[in-house]
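Asks: Here are the chains, one letter per residue:
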Amino acid sequence: MSDSLRRTALHATHTQLGARLVPFAGYEMPIQYSSIKQEHAAVRDRAGLFDVSHMGQIELRGPRAIQAAEALVTCEVSSLSPGRARYGLLLNEAGGCIDDVMLTRVADDALFLCVNASNVQTCLEWIQARAGDRVEVENRSQATSLLALQGPSARAILEAIVSQETPLPRRFRVAHCELAGLRTLVSGTGYTGSPGFEIYSQNADAPALWQALLEAGAEHGIEPAGLGARDTLRLEAALPLYGHELDTTTTPFEAALGRFVKPLDRGFVGAAALAERADEPDPRRLVGLEMIGRGIARAEHPIQVRGETVGVVTSGGPSPTLGKSIGLGYVPRHLSRVGTSVDVVIREKPVEARLVETPFL
Amino acid sequence: MADYQIPEDLAYTKEDEWVRRDGDEVVIGVTDFAQNQLGDIVFVELPDVGSVTEAGAPFGTIESVKAVSDLFAPLDGEITAVNESLEDEPERVNESCYGDGWLVRLRPSDDAAVAGLLDANGYLASVAERDDA
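First to last, the sequence lines map onto chains H and D. Read left to right, the first sequence gives residues 81 to 441 (my numbering). Read left to right, the second sequence gives residues 330 to 462 (my numbering).
By construction, these hints were calculated from the structure, which means they are not laboratory data. In this text the structure is predicted, and so the values were computed from the model without any measurement. Hints should not be assumed to be uniformly reliable.
[To be verified] Chain D is nowhere near these chain H residues, computed Cβ spacing over 12 Å in every case: (1) Ala-190; (2) Leu-307; (3) Thr-420.
[Said to hold, decoys possible] Taking lysine to aspartate or glutamate and the DMTMM-like style, the derived pairs with C-alpha atoms no more than 25 Å apart in a straight line are: (4) H:Lys-429 - H:Glu-356; (5) H:Lys-429 - D:Glu-407; (6) H:Lys-429 - D:Glu-383; (7) H:Lys-404 - D:Asp-399; (8) H:Lys-429 - D:Glu-413; (9) D:Lys-395 - H:Glu-432.
All C-beta atoms, glycine included, are put in the ideal place defined by N, C-alpha and C.
Please put together the full structure from these sequences, using the hints given.
Replies: Encoded structure:
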């Protein structure tokens with residue numbers, strides 16, 4: 081593996097567990113430990129533990145931090161109380177997506193954005209250029225480890241190691257919790273479509289925290305899970321992945337994320353462009369699809385209707401939970417109704433598929 | 330290097346296929362190293378019975394959760410049977426790559442060509458060059 085790849089604080093742990101490591105966003109990350117299907121099932125049925133320390137954390141602090149963020153993200157920030165998290169998008173002036181983010185307000189004058197590993201530099205520079213005076217912008221990505229504990233047993237596992245004085249947060253809230261004697265910030269969030277938590281800690285504490293979670297989770301059937309399962313899980317939940325469903329040419333409305341966009345008259349970056357585009361005749365729309373014929377839809381496969389290419393698959397693969405092949409893709413709005421029959425072109429052959437409701441589970 | 334099963338009585342290719350003689354036909358599959366590298370197999374696309382194969386040319390595809398890989402014909406010949414159970418149970422390739430996970434039966438156009446394939450030792454060397462476990 082190349083020496084120029086970064087490693088998380090858990091690299092030695094992953095190696096000991098026999099993980100298959102691959103380059104991802106400049107990091108050496110575990111793609112699987114046992115098998116993607118097995119790890120996927122562990123999350124759906126019991127619990128899975130992920131190292132997602134490669135993700136970025138950008139902090140904004142100071143008397144104007146909240147206002148600065150309000151002007152940059154599509155979600156409302158001033159109305160978000162300290163201790164709460166909210167999903168939103170960072171848009172460019174044309175209304176296209178720079179990244180999708182989880183914004184967490186930690187104090188009256190402080191918040192952080194959890195951003196995609198591949199977008200840390202882009203987001204940092206974008207925010208620094210626009211935050212203005214009286215806002216400290218700090219890249220905390222390298223200093224922070226992030227574990228995700230996901231599955232129906234996640235809460236029970238944390239209850240076993242959390243100090244009584246620091247109760248666990250509910251969904252979309254965060255709390256400073258002592259887990260196995262270690263100081264962490266626990267967030268009631270996740271990217272799998274199963275209930276669970278994301279746990280921020282100091283790098284030095286991450287290996288001990290990982291061990292403590294595996295031990296407490298043993299009786300619940302916890303398994304370490306890699307990026308392979310992370311992708312199959314989020315696909316079943318129809319959660320977008322930047323670089324696939326989202327990029328600088330897609331608007332939140334096309335990506336079916338309109339509910340995360342505050343009223344356009346609030347004056348955030350990209351709002352004016354979105355308002356101008358509101359009357360476009362037939363924009364694209366992100367849809368879910370299910371394969372009917374034999375074949376697995378994958379990113380970049382064309383979507384056809386009656387022999388004519390009308391769209392493209394952005395993500396696709398097997399759904400281990402459903403036992404079917406599913407996908408997400410863009411089609412013109414007038415062809416986006418659930419139930420519409422389409423073909424996905426796989427290795428030059430059209431294979432029948434159907435547009436379905438999302439999430440798939 | 331991790332321990333991969335490489336049965337002595339089979340012939341092999343550098344594309345990680347095994348070949349077993351059975352009368353005037355051969356049975357073909359992918360090796361233990363291949364199924365391990367691929368991970369969970371979720372889809373196998375095999376040629377029609379009767380199709381003609383060309384040594385070294387792709388004759389089907391095998392898909393894992395994340396990737397699509399070509400299957401390469403080890404020999405010139407004609408497909409005489411395909412393992413239809415893989416349509417519903419592609420995971421057989423992971424579970425029993427030398428047994429129930431076989432892919433196709435082929436009648437080679439040149440019987441002597443089988444002797445030109447790698448033996449178990451030759452295949453072991455090929456794996457050792459590539460394996461980073």
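Asks: Holds or violated: are the alpha carbons of Lys-429 (chain H) and Glu-356 (chain H) at most 25 Å from each other?
Replies: violated (39 Å)
Asks: Check the hint pairing Lys-395 (chain D) with Glu-432 (chain H) against an upper bound of 25 Å on the C-alpha distance.
Replies: holds (21 Å)
Asks: Measure nothing beyond the straight line between the CA atoms of Lys-429 (chain H) and Glu-407 (chain D); if it is 25 Å or shorter, mark the hint as holding.
Replies: holds (23 Å)
Asks: Given the hint that Lys-429 (chain H) pairs with Glu-413 (chain D), does the C-alpha gap stay at or below 25 Å?
Replies: Satisfied, since the Cα-Cα distance of roughly 20 Å is no more than 25 Å.
Asks: Would the least Cβ to Cβ distance between Leu-307 (chain H) and chain D come out above 12 Å?
Replies: violated (9 Å)
Asks: Decide, holds or violated, for the assertion that all CB atoms of chain D are farther than 12 Å from the CB of Ala-190 (chain H).
Replies: holds (38 Å)
Asks: Would the non-interface assignment of Thr-420 (chain H) survive a Cβ cutoff of 12 Å against chain D?
Replies: holds (24 Å)
Asks: Starting from Lys-429 (chain H), check that the Cα of Glu-383 (chain D) is at most 25 Å away, please.
Replies: holds (22 Å)
Asks: Taking only the CA atoms, is the gap from Lys-404 (chain H) to Asp-399 (chain D) under or equal to 25 Å?
Replies: Holds - the C-alpha atoms of Asp-399 (chain D) and Lys-404 (chain H) are around 22 Å apart, at most 25 Å.
When the structure is compared with the earlier hints, violations turn up for hints 2 and 4 and for no others.
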